[in-house]
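Undergrad: Each chain, letter by letter, is given below.
4 protein chains.
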Amino acid sequence: MRRVNAGDWVTLYYGEKEAYTVRVVPGRRFHTTRGFIELDRLVGVELGSSVETNVGERFVVSRATLVEKLLSLRRFTQVIYPKDLGYMLISSGVGPGSVVVEAGTGTGFLAATLAYYVRPTGKVYTYEVRKDFYEMALENFRALGLQEFIVAKNKDVREGFDEEDVDAVMLDLPDPWSVVDKAYASLAHGGVILVFVPTLPQVERTLSALRKSGFRMVEVVEIMLRKYKAEPAELRPETVGVQHTGYIIQGRKL
Amino acid sequence: MRRVNAGDWVTLYYGEKEAYTVRVVPGRRFHTTRGFIELDRLVGVELGSSVETNVGERFVVSRATLVEKLLSLRRFTQVIYPKDLGYMLISSGVGPGSVVVEAGTGTGFLAATLAYYVRPTGKVYTYEVRKDFYEMALENFRALGLQEFIVAKNKDVREGFDEEDVDAVMLDLPDPWSVVDKAYASLAHGGVILVFVPTLPQVERTLSALRKSGFRMVEVVEIMLRKYKAEPAELRPETVGVQHTGYIIQGRKL
Amino acid sequence: MRRVNAGDWVTLYYGEKEAYTVRVVPGRRFHTTRGFIELDRLVGVELGSSVETNVGERFVVSRATLVEKLLSLRRFTQVIYPKDLGYMLISSGVGPGSVVVEAGTGTGFLAATLAYYVRPTGKVYTYEVRKDFYEMALENFRALGLQEFIVAKNKDVREGFDEEDVDAVMLDLPDPWSVVDKAYASLAHGGVILVFVPTLPQVERTLSALRKSGFRMVEVVEIMLRKYKAEPAELRPETVGVQHTGYIIQGRKL
Amino acid sequence: MRRVNAGDWVTLYYGEKEAYTVRVVPGRRFHTTRGFIELDRLVGVELGSSVETNVGERFVVSRATLVEKLLSLRRFTQVIYPKDLGYMLISSGVGPGSVVVEAGTGTGFLAATLAYYVRPTGKVYTYEVRKDFYEMALENFRALGLQEFIVAKNKDVREGFDEEDVDAVMLDLPDPWSVVDKAYASLAHGGVILVFVPTLPQVERTLSALRKSGFRMVEVVEIMLRKYKAEPAELRPETVGVQHTGYIIQGRKL
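Residue numbers (this note's numbering), protein chains in the order written: chain V, 73 to 326; chain C, 73 to 326; chain S, 73 to 326; chain P, 73 to 326.
Check the hints yourself; a few may be wrong.
If chains are identical, the list can't say which one is meant, so a pair holds when it fits in one copy or spans any two.
Within a straight-line C-alpha distance of at most 30 Å, the following computed DSS-like cross-link-like pairs (lysine-lysine) qualify [stated by the list, open to error]:
| id | residue 1 | residue 2 |
| --- | --- | --- |
| 1 | 227 | 254 |
| 2 | 203 | 227 |
| 3 | 89 | 284 |
| 4 | 299 | 254 |
Calculated directly from the structure, the hints in this document are not laboratory data. On a predicted model such as this, the values are computed, not experimentally measured, just so you know.
Go ahead and model the full structure; you've got the sequences and the hints to work with.
TA: See the structure below:
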């Protein structure tokens with residue numbers, strides 16, 4: 073039997089279709105379309121029990137998953153989808169103890185995911201040239217409780233990475249080809265570069281840069297996810313959905 | 073500058089197309105199509121340098137990635153692909169410290185991946201009814217150095233799981249619907265079930281069982297990966313490829 | 073140099089993004105979001121020249137394509153998409169001179185397409201149990217000028233097809249399995265059945281019925297179409313799109 | 073009850089998995105892996121009955137479909153798949169009576185398909201620069217009985233098309249961008265260009281050329297087809313399959 077502590081992340085469910093994910097910050101009031109809840113009232117509540125809003129609507133209190141937490145963060149940049157994040161994670165082998173360099177930070181979505189997985193002994197170094205994004209990301213890292221695993225830098229990666237001998241470099245930039253050689257310099261032998269870009273001309277330019285910088289075992293993949301209508305008697309893919317996010321380019325320093 | 077230690081996993085590259093992944097077990101001899109290498113000779117070698125086989129062919133010595141290690145294991149069961157593993161990992165939120173139950177073990181591919189990510193404080197409990205698979209998996213866990221994070225059981229899951237309050241249950245079984253209620257009992261509130269099945273009638277039966285057992289937020293997805301020809305001037309998806317692995321079904325205990 | 077005749081179908085273009093397809097019925101007035109045009113004024117106009125609406129906006133007058141005509145018809149039932157229609161056409165070999173049976177008529181979209189291709193010597197027999205759909209379809213066939221190639225029947229196909237020795241039977245029904253044996257009876261030796269259904273349980277039931285009725289060379293395919301952003305410097309699939317229409321099941325009477 | 077005539081195309085089936093498509097040319101002997109058949113013996117045979125090879129194996133005699141005929145032709149160039157052909161047909165509206173220009177002829181696969189659909193009053197003009205392909209295609213057109221609907225030319229399309237005011241131009245060339253302006257000149261107002269190319273850099277160059285030549289309503293699509301295992305109890309996409317053929321680019325002369 074687990075209870076909610078101050079600072080925990082919880083998801084409040086109203087039926088199957090409506091859910092809110094929030095960090096339990098004492099003293100704050102949380103607004104839903106069905107009234108508000110004083111977050112103080114959540115502290116000590118047993119997971120699985122329900123709470124009432126000021127207008128008497130009942131929500132079930134549950135632990136928030138990683139994805140729910142990430143998606144509840146303030147963001148003003150495009151995020152990488154779970155289908156792409158998961159593949160980047162597994163194929164890079166980034167896990168507990170890994171040292172990773174990432175750019176650009178944006179809202180911090182990718183850096184936070186990586187930090188979650190390199191815990192407790194690894195580290196994520198993340199670069200962002202825009203001051204406003206950098207500050208937003210810092211706030212997000214603190215909200216997620218991941219700040220100790222992340223070193224965020226407000227710097228232009230075109231000037232190079234400060235880290236050496238890293239396990240992986242991940243790039244989510246409009247012009248990744250301009251820093252591919254810096255990534256090569258920063259990687260340990262055997263290290264992996266992973267680049268995420270939305271358009272095909274970006275793929276072409278990145279491929280050329282990877283070859284020129286000496287990367288080997290270069291691969292390009294595209295991952296498509298279709299959500300199905302989850303009714304046994306009407307099983308079929310949803311009619312309309314996201315049919316493109318981006319391409320994942322991978323290379324090894326060998 | 074890193075060097076190879078006894079017990080490390082390395083990948084030996086011959087150009088871009090040929091690679092062998094092996095654990096450096098002193099006293100063993102490793103055979104390639106280009107001659108053999110006494111593994112003793114790899115100990116102390118610097119990563120990135122090259123070694124010669126008995127017939128004079130040179131291989132570059134590099135660290136093995138997670139996927140390379142997994143794919144080099146002895147196996148006689150179908151494995152789950154990185155595209156599916158990654159999505160299961162991210163959408164379950166299984167990470168360092170998580171407690172996961174998994175069945176059936178098979179060769180141990182899924183359990184090993186989960187163990188890699190729950191390190192160093194989490195645990196994977198894996199069930200396998202067949203004695204031969206169970207023993208093969210134990211051997212694979214030891215080879216990967218992941219045995220301390222895995223509790224393998226030679227038991228039939230239709231008799232239930234011994235664990236309670238777990239974060240996630242992952243099922244890769246021919247008849248997952250027969251243990252869905254046991255999974256529900258084993259999960260903590262807010263916990264996630266993830267089921268991987270290759271056929272559509274299996275999806276339909278699993279969906280019905282999930283609803284009956286009380287799971288909520290049920291989702292079905294299919295993930296398709298296309299590998300591209302990684303030449304900037306001829307960029308296009310490979311003509312022939314794997315176009316189906318299976319469906320991922322997800323539910324929450326809420 | 074071609075000119076517009078009364079009864080022709082034309083498409084009126086306003087830039088690249090806005091287009092209206094209309095049959096030039098003398099005496100009618102056609103409304104757009106940029107004012108109206110008296111259709112009488114289109115008769116005799118040269119294709120490629122432009123006409124003005126009552127508020128002075130200019131549209132270029134062009135021939136309407138088959139798809140533009142079909143999509144401009146009154147419809148209250150789901151239509152089959154070009155990607156699926158085209159495959160059904162080619163893989164059935166239905167072409168000039170073919171005799172085809174089709175059910176249910178719905179708005180007449182599939183029957184009209186088939187009629188267009190069996191011209192001038194073939195025939196399409198189409199069945200519809202609902203009186204309102206049947207009458208709407210008749211009106212659509214006349215508007216398209218295809219009525220002489222179509223025999224529409226307001227009958228329940230569960231009572232069987234009147235035609236024998238036909239080249240192909242195409243079914244777009246909620247319960248195609250209930251008429252598969254009637255389709256078999258109606259087909260010539262070597263004839264083809266094509267069934268379009270949106271859900272997977274429908275595929276399963278149809279497959280069972282096809283086998284039981286004696287169909288051979290049974291195939292199931294799914295066709296996915298992705299539209300790309302047609303800008304050379306930003307080439308990539310559109311982010312959101314139709315990711316599912318239905319499954320095409322095929323069989324031969326051999 | 074239909075019978076086989078000399079010159080007809082038939083498909084000989086041995087069970088579900090083995091089939092041969094052949095034109096019944098009297099005096100010829102047709103070899104299968106199960107013995108040969110003197111084609112004279114097929115004349116007058118009822119469709120649906122069976123014939124014996126010289127070693128006593130029995131084949132069922134059936135009408136050949138369009139696709140079976142096309143695939144049985146001699147070919148040494150890549151063909152366009154039914155999924156792509158069908159979409160090109162429907163979205164161009166090419167049908168009975170249409171006048172189409174096509175290049176390069178290659179084996180004649182696309183020209184023959186178009187000729188089949190423009191019968192009996194339309195015409196296909198097809199250009200091929202290589203003499204050997206041109207002659208092979210002529211032979212194929214005659215074998216299919218489609219020669220009267222096709223005008224084949226052994227000419228380089230970079231010198232322009234001889235036809236004017238055509239309904240559609242279809243290009244299956246390595247460098248379509250070099251003739252896009254010639255295609256524009258050849259098309260009637262409202263006419264459609266359709267280009268099929270396998271790689272993405274080809275798409276980019278073709279898009280630029282289409283814009284420069286004045287084409288409007290430019291679209292790029294990709295069509296993916298997955299074949300399913302047609303067993304109701306094991307329904308799922310085939311594991312391995314063709315996952316890429318090419319991209320279809322479309323434009324209108326408006």
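Undergrad: Going through the numbered hints above, which ones does this structure break? Give me the numbers in ascending order.
TA: none
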